[in-house]
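With the hints as constraints, model all of the structure from the sequences given.
Read off the chains here:
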Amino acid sequence: MTIPDEFKTRLKIAKSKLKKELENDNEKQGSFMGNAFKLGTELVAAVAVGTIIGFILDSWFDTKPWLIIIFFFLGAAAGMLNVIRAANKMQKD
Amino acid sequence: MANNPMQQFTVHKIGPEINIAGVDLSFTNASLFMVISASLIILLLFVGSKEKKIIPSKIQLITEMFYTFVAKMISDTAGSKAKPYFPFIFSLFMFVLFCNMVGMLPYSFTVTSHIIVTLIMALFIFIAVTVIGFIKHGFKYLSIFVPSGVPAVLLPLITIIEIISYLSRPVSLSVRLFANMMAGHTMLKVFGGFVVSLGILGGWLPLSFSVALTGLEILVAFLQAYVFAILTCIYLNDALNLHH
Numbered sequence: 001m002t003i004p005d006e007f008k009t010r011l012k013i014a015k016s017k018l019k020k021e022l023e024n025d026n027e028k029q030g031s032f033m034g035n036a037f038k039l040g041t042e043l044v045a046a047v048a049v050g051t052i053i054g055f056i057l058d059s060w061f062d063t064k065p066w067l068i069i070i071f072f073f074l075g076a077a078a079g080m081l082n083v084i085r086a087a088n089k090m091q092k093d
Numbered sequence: 001m002a003n004n005p006m007q008q009f010t011v012h013k014i015g016p017e018i019n020i021a022g023v024d025l026s027f028t029n030a031s032l033f034m035v036i037s038a039s040l041i042i043l044l045l046f047v048g049s050k051e052k053k054i055i056p057s058k059i060q061l062i063t064e065m066f067y068t069f070v071a072k073m074i075s076d077t078a079g080s081k082a083k084p085y086f087p088f089i090f091s092l093f094m095f096v097l098f099c100n101m102v103g104m105l106p107y108s109f110t111v112t113s114h115i116i117v118t119l120i121m122a123l124f125i126f127i128a129v130t131v132i133g134f135i136k137h138g139f140k141y142l143s144i145f146v147p148s149g150v151p152a153v154l155l156p157l158i159t160i161i162e163i164i165s166y167l168s169r170p171v172s173l174s175v176r177l178f179a180n181m182m183a184g185h186t187m188l189k190v191f192g193g194f195v196v197s198l199g200i201l202g203g204w205l206p207l208s209f210s211v212a213l214t215g216l217e218i219l220v221a222f223l224q225a226y227v228f229a230i231l232t233c234i235y236l237n238d239a240l241n242l243h244h
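Read top to bottom, the protein sequences are chains A and B.
The numbers in the working numbering rise by one with no breaks, and the one at position 47 of the first sequence is 47.
The numbers in the working numbering rise by one with no breaks, and the one at position 216 of the second sequence is 216.
Take these hints with a grain of salt, some might be off.
[Unchecked claim] Chain A regions said to be covered by chain B (calculated; three or more residues, Cβ under 8 Å): (1) 47-54; (2) 60-69.
[What the hints assert, rightly or not] Pair by pair, the computed Cβ-Cβ distance ranges are: (3) B:P106 <-> A:S16: 47 to 53 Å; (4) A:L57 <-> B:N29: 36 to 42 Å; (5) A:S59 <-> B:V150: 26 to 32 Å; (6) B:A183 <-> A:R10: 50 to 56 Å; (7) B:Y67 <-> A:K17: 16 to 22 Å; (8) B:T68 <-> A:A87: 56 to 62 Å; (9) B:L32 <-> A:S59: 37 to 43 Å; (10) B:K140 <-> A:K19: 31 to 37 Å; (11) A:K12 <-> B:V190: 20 to 26 Å.
Read the hints as simulated data drawn from the structure, not as lab findings.
By construction, the Cβ of each residue, glycine as well, lies at the ideal position given by its N, Cα and C atoms.
Rendered as structure tokens:
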């Protein structure tokens with residue numbers, strides 16, 4: 001069975017319409033709430049990771065308590081960086 | 001203790017104890033609910049894709065919705081280069097979603113409320129994304145730790161901060177899902193306990209709260225699965241399209 005020409009053109013039009021729709025469809029509902037849930041842990045996780053790195057390095061180099069203090073603040077800075085990045089991304093969308 | 005709100009999170013063995021080379025591999029209620037979620041996904045996708053009708057049945061419609069939802073999410077956040085990773089992200093999203101949703105049923109067990117489960121998934125994603133980045137870009141991938149346009153004096157400091165920020169990804173990814181699920185289920189149980197202890201006279205207020213919270217928890221269950229999947233896409237995007 002061959003596909004009639006008329007059907008082929010109709011398919012073509014439908015496909016191009018679908019493509020255009022996909023390109024135009026940029027609304028991101030629902031992801032706002034997801035973003036809100038995201039920010040809090042982003043800040044905390046970086047502080048925790050920084051502190052853990054400081055703790056491990058401290059026990060390696062025997063420099064208690066200096067590295068844990070330094071890396072706590074570095075972790076806090078990294079957390080803020082994460083939050084700023086996430087917020088920037090939200091604004092762009 | 002029926003009133004202990006943390007009781008619902010205990011893992012206990014089902015059936016015989018299996019011990020292989022000193023590692024406890026017994027089948028637990030957590031494994032049971034993972035199997036249930038995985039089989040539900042397979043069943044849904046199998047039934048949904050068996051008949052390909054032009055006017056879809058309800059199950060086919062749901063299956064197609066899941067497919068287009070994830071496909072759209074990937075193309076929106078990570079671009080066309082991430083197409084080959086669709087199966088992985090789709091299974092990840094479906095697994096987290098179904099574990100969360102199955103956990104919402106009474107008398108069930110929420111697998112994702114255990115940090116070990118979420119951490120293993122997050123670490124797998126983290127390591128996979130790092131490996132993909134190194135395969136695609138070689139040692140140039142390390143340039144994500146060195147942002148452009150930073151004065152040379154600040155560069156070592158910024159690099160350390162960037163490395164900490166990179167290492168915090170699996171932690172934030174896993175803690176978010178675990179904390180949301182555990183907090184929600186604990187809260188539901190606490191309000192359930194209030195209903196019992198206040199009895200028929202005062203129990204109506206916590207009961208109505210409980211009903212509202214159940215709705216909220218279903219929303220959270222979906223949102224957390226979505227956030228988990230979309231963050232995977234974002235990390236994948238960073239690894240695939242290096243731009244800094």
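Going through the numbered hints above, which ones does this structure break? Give me the numbers in ascending order. 2, 8, 11
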